[in-house]
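Taking the hints into account, I'd like the entire structure generated from these sequences.
Following our numbering, the residues of the sequence shown are numbered contiguously, the last one being 63.
Hints are computed from structural coordinates only; laboratory data are not their basis.
In this text, all values refer to a predicted model and were calculated from it rather than measured experimentally.
C-beta atoms are modelled at their ideal positions from N, C-alpha and C, and glycine is treated no differently.
Among the hints, erroneous ones may be present.
What the hints assert, rightly or not - FRET-style restraints, in silico, Cβ to Cβ:
(1) Q36 with V60: 27 to 35 Å
(2) A22 with G54: 20 to 28 Å
(3) A9 with A32: 21 to 29 Å
(4) V28 with G63: 28 to 36 Å
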Amino acid sequence: MSDLIVALGLVLAIEGLMLAAAPGAVRRAAETLQQLPDPPLRIAGIVGAVIGVIIVWVIRG
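Structure representation (structure tokens):
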């Protein structure tokens with residue numbers, strides 16, 4: 003359970019740093035994402051999730 007809390011903390015820290023460092027770029031990226039159809043976003047989400055699981059699997063064994 004503590005690993006999950008650490009992972010969530012890292013996500014929040016990274017997203018917070020991105021918003022603090024480049025708020026305009028984050029806003030433009032969000033606007034671009036709104037214009038994309040659902041299938042590419044779904045595929046990107048699945049690919050990201052699979053890569054994340056592979057990374058955790060390789061690191062944790």
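Hints, one by one, checked against the model:
| no. | hint | verdict |
| --- | --- | --- |
| 1 | Q36 with V60: 27 to 35 Å | holds, 34 Å |
| 2 | A22 with G54: 20 to 28 Å | holds, 23 Å |
| 3 | A9 with A32: 21 to 29 Å | holds, 23 Å |
| 4 | V28 with G63: 28 to 36 Å | holds, 35 Å |
Every hint, counting from the list given before, is met by this structure.
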